[in-house]
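Q: Mapped onto numbering that gives the first Met the number 0, the consecutive letters of the sequence shown carry residue numbers 0 to 156.
Derived from the structure by calculation, the hints contain no laboratory data. Cβ atoms here follow ideal geometry from the backbone N, Cα and C, with glycine treated the same way. Just so you know, not all the hints are guaranteed correct.
What the hints assert, rightly or not - Simulated DEER-style distance windows between Cβ atoms:
id : residue 1 : residue 2 : range
1  : 112       : 35        : 37 to 45 Å
2  : 81        : 141       : 18 to 26 Å
3  : 96        : 141       : 34 to 42 Å
4  : 125       : 103       : 22 to 30 Å
5  : 140       : 33        : 15 to 23 Å
6  : 35        : 109       : 40 to 48 Å
7  : 82        : 62        : 41 to 49 Å
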Amino acid sequence: MRSFLIRGATVRKLIIAVVLVAPVVTGSAAAQVPPGSVSEYHFVPDAAPAGGSISVDGTCRFGDHPATGVLVRLARTVSPGSGKEPFDTSKVIAVNTDGTFGGQLPIPAEAPPDQYHLVLACQDGDVLFGQQQFPFTVEPGTSPPANPITAKPVLTG
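Put together the whole structure using the sequences plus the hints.
A: Here you go:
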């Protein structure tokens, strides 16, 4: 399992990142992922402005049963001295009884434009497996509301 370090993160944020990325350790042995486990992810788009969303779907099976959820996380990592603040948002999407899932991660309106990492990981209870990381760009500007209100002319008599 790959792990990553959030540069410039506070100790509290770093610990949270390690908990989300590392396998769960019980006693002296790490949790094992059973054979036959599947983690397959699809997402669109690979860039969007703040206020938009990322659609994700795929399959997560933990051995012979569906995973309990999929962690979807969008994180901006920054270099020390860059003057930028880290930014992070996440959501757990439920997995169907056949192991498939689908949902959206909203990009908060306050997400600064920059390069991010989209991290997807299957979750079964406290165990994360099949973690994959993809590049994602939060573009300048904001998305229009999902359901804009449109004024229609009214003809009177």
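Q: Taking the hints in turn, state whether each one holds.
A: Against the structure, the hints come out as follows:
In this structure the hint that residue 112 and residue 35 lie 37 to 45 Å apart at CB holds, the actual value being about 41 Å. For the hinted restraint 18 to 26 Å between residue 81 and residue 141, the CB-CB distance of approximately 23 Å keeps it satisfied. A beta carbon spacing of about 37 Å between residue 96 and residue 141 agrees with the range 34 to 42 Å that was offered as a hint. The beta-carbon spacing between residue 125 and residue 103, approximately 25 Å, falls within the hinted interval of 22 to 30 Å.
A C-beta distance of roughly 45 Å is found between residue 140 and residue 33, which places it outside the suggested range of 15 to 23 Å. Between residue 35 and residue 109 the C-beta distance comes to about 41 Å, which sits within the given range of 40 to 48 Å. The hinted window of 41 to 49 Å between residue 82 and residue 62 holds, with their beta carbons roughly 46 Å apart.
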